[in-house]
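J.: Below, each chain spelled out in residue letters.
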Amino acid sequence: GENVEQHPSTLSVQEGDSAVIKCTYSDSASNYFPWYKQELGKRPQLIIDIRSNVGEKKDQRIAVTLNKTAKHFSLHITETQPEDSAVYFCAASKELGNSGNTPLVFGKGTRLSVIA
Amino acid sequence: KAGVTQTPRYLIKTRGQQVTLSCSPISGHRSVSWYQQTPGQGLQFLFEYFSETQRNKGNFPGRFSGRQFSNSRSEMNVSTLELGDSALYLCASSRTGAPVGYTFGSGTRLTVV
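Order-wise, the sequence lines are chains A and B. For the first sequence, our numbering begins at 8 and goes up steadily by one. For the second sequence, our numbering begins at 2 and goes up steadily by one.
So that you can see chain B by itself, here it is in the shape it has in the complex (with noise of 0.2 Å):
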C-alpha cells in the first residue's frame, strides 16, 4: 500500500511569505499529525487532525495552522515566514489517532532566505 505522501520535498521561500505543506496519509488513517524537526529541537509536535478536527496543538506560535479535508488529507499553513522556521516538516498519520501505528512521510524541507 502507499505511504505517506508530503508535497512538496523541497521548498524555498522569502522571509515574510507564506507556504502551504501538503500530507496525504496512508490509506483508511483519519489521523495527521504534524511535527517540526530541527537539528537544535529534535521533533517537536505542531497539531494533529483527526476526523477533520484538531484534536491536539503544540506550542507554536499561530503563524502555524493546519487543516484537514474529508478525504484526511491534510495540510498546514505558516504565515510571516521567519529564517527560524528553516526545518523540515514531517507528518505522520495512524488509523485511529492513537500514536501506535505511526508511519511517517518523507517531510517536506522549508528553507527560508
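Isolated chain A (complex conformation) (with noise of 0.2 Å):
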C-alpha cells in the first residue's frame, strides 16, 4: 500500500522567512495530495491541495509543488507569520472517480515553529 514519508519532523524559522516542507509517497498511481494545518487542541484544516496533472498551485502565501517522476511534493509558505505555528500534514490518495477513492494516507506531520 502507499506509504508518505515526511521531512522535517521539527521546523523553526524567523519571522518573514519561507519554509519548505517535503513529503515523499510510494505509490505512483497516487494522484491527489491535500496539505493539512492542525494547530495546537484543534482539528485538522485543509489549507492547499494538488492534483497530479499540475505541477504547481498557489495560495497567496502558500505553495504546493509536485514532481510525479520523483514522486514527492512539497508545502512552501513564504513571508511566515507567528500564526502559521502548527503542525503540518501532507498526504496521498487515489481518486478513482466512479469507482471510488482510497483513503489518505498522512506523513507523520512537521511541527512549523515561527519565531517573532
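Each hint should be verified, as a subset may be incorrect.
What the hints assert, rightly or not - Footprint (simulated), chain A over chain B, 3 or more residues, beta carbon under 8 Å:
(1) 37-48
(2) 96-102
(3) 106-112
To be verified - Label pairs and their calculated CB-CB ranges:
(4) A123/A - E53/B: 48 to 56 Å
(5) K14/B - T85/A: 40 to 48 Å
(6) S25/A - S28/B: 38 to 46 Å
(7) T112/B - K49/A: 16 to 24 Å
(8) I122/A - N78/B: 37 to 45 Å
(9) G48/A - Q42/B: 17 to 25 Å
Simulated from the structure, these hints should not be mistaken for laboratory data. Every residue, glycine too, gets a C-beta built ideally from N, C-alpha and C.
Since each chain sits alone in its own frame, please combine them into the complex, following the hints.
T.: What follows is the structure, given as C-alpha cells:
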C-alpha cells in the first residue's frame, strides 16, 4: 500500500522567512495530494491540495509543488507569521472517479514554529 | 452551515471496557471516515462508511468496528480497550467519499487507564 514520508519533523524559522516541508510517496498511482494544518488542540484543516495533472499550485503565501517522476511534493510558505505555527501534515490518495477512492495516507507531520 | 460534530470530546475508560464514539457529518455529506491520531503514528485510517456501507477498512484489529445510520451519522466502537488505544479519534466527512472536500471534526480524546 501507499507510504508517505514527511521531512523535517520539526522546523523553526524566523518571522518573515520561508518554510519548506517535503513529502515523498511510494504509490505512483496516487493522484491527489492535500496538505492539512493542525493548530494545538484543534482539528486538521485543509490549506491547499494538488492533483497529479498539475505541477504547482499557489494560494497567497502558500504553494505546493509536485514532481510525479520523483514521487515527491512540497509545501512552501513564504513571509511566515507567528500564526503559521502549527503541525502540518501531507497526505496522498488515489481518486478513482466513480469507482470510489482510496483513503488518505498521511505523513507523520511537521511541527513548524515561527519565531517573532 | 454546521461542521462535523463529534461527541463526546473527552472520555476516560478503564482497560477492558468498551467505548462508543459518535460523528455527525455536515448536512448532505454521505461519507464518514475515521482516523486515529497518536503522537508516534500520526493519523492512521480506521474505516470509511458511505451510504451505510463500509467501503474501506484500515489495518486495525477487529476490536475496532463502526457503523453508519440512514441519516449519515456514524459511530465507532472499540471493545476490550487497551492502554495503546489512548488517542485522538477524528472523523471526516465528504459529500461523495472522495477525500477532496474532507472536513474533519474536532475529535474525541480517549484516555485508557
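J.: A separate judgement is required for each hint: does it hold in the structure or not?
T.: Taking the hints in turn, this is what the structure says about them:
Look at the region 37-48 of chain B against chain A: 5 of its residues bring a Cβ nearer than 8 Å to a Cβ of that chain, three or more, so the hint holds. Interface restraint, the region 96-102 of chain B with chain A: holds (4 residues with C-beta to C-beta distance below 8 Å; minimum three). By the rule of at least three residues with a Cβ nearer than 8 Å to a Cβ of chain A, the coverage given for the region 106-112 of chain B holds, with 3 such residues. At roughly 50 Å, the beta-carbon separation of A123/A and E53/B lies within the given 48 to 56 Å, and the hint holds.
For the pair K14/B and T85/A, the beta carbons lie near 45 Å from each other, so the given range of 40 to 48 Å is met. With their beta carbons about 39 Å apart, S25/A and S28/B fall inside the hinted range of 38 to 46 Å. Checked against the hint of 16 to 24 Å, the pair T112/B and K49/A passes, with Cβ atoms roughly 19 Å apart. In this structure the supplied range 37 to 45 Å holds for I122/A paired with N78/B, their Cβ-Cβ distance being about 44 Å.
At about 19 Å, the beta-carbon gap between G48/A and Q42/B stays in the expected band of 17 to 25 Å.
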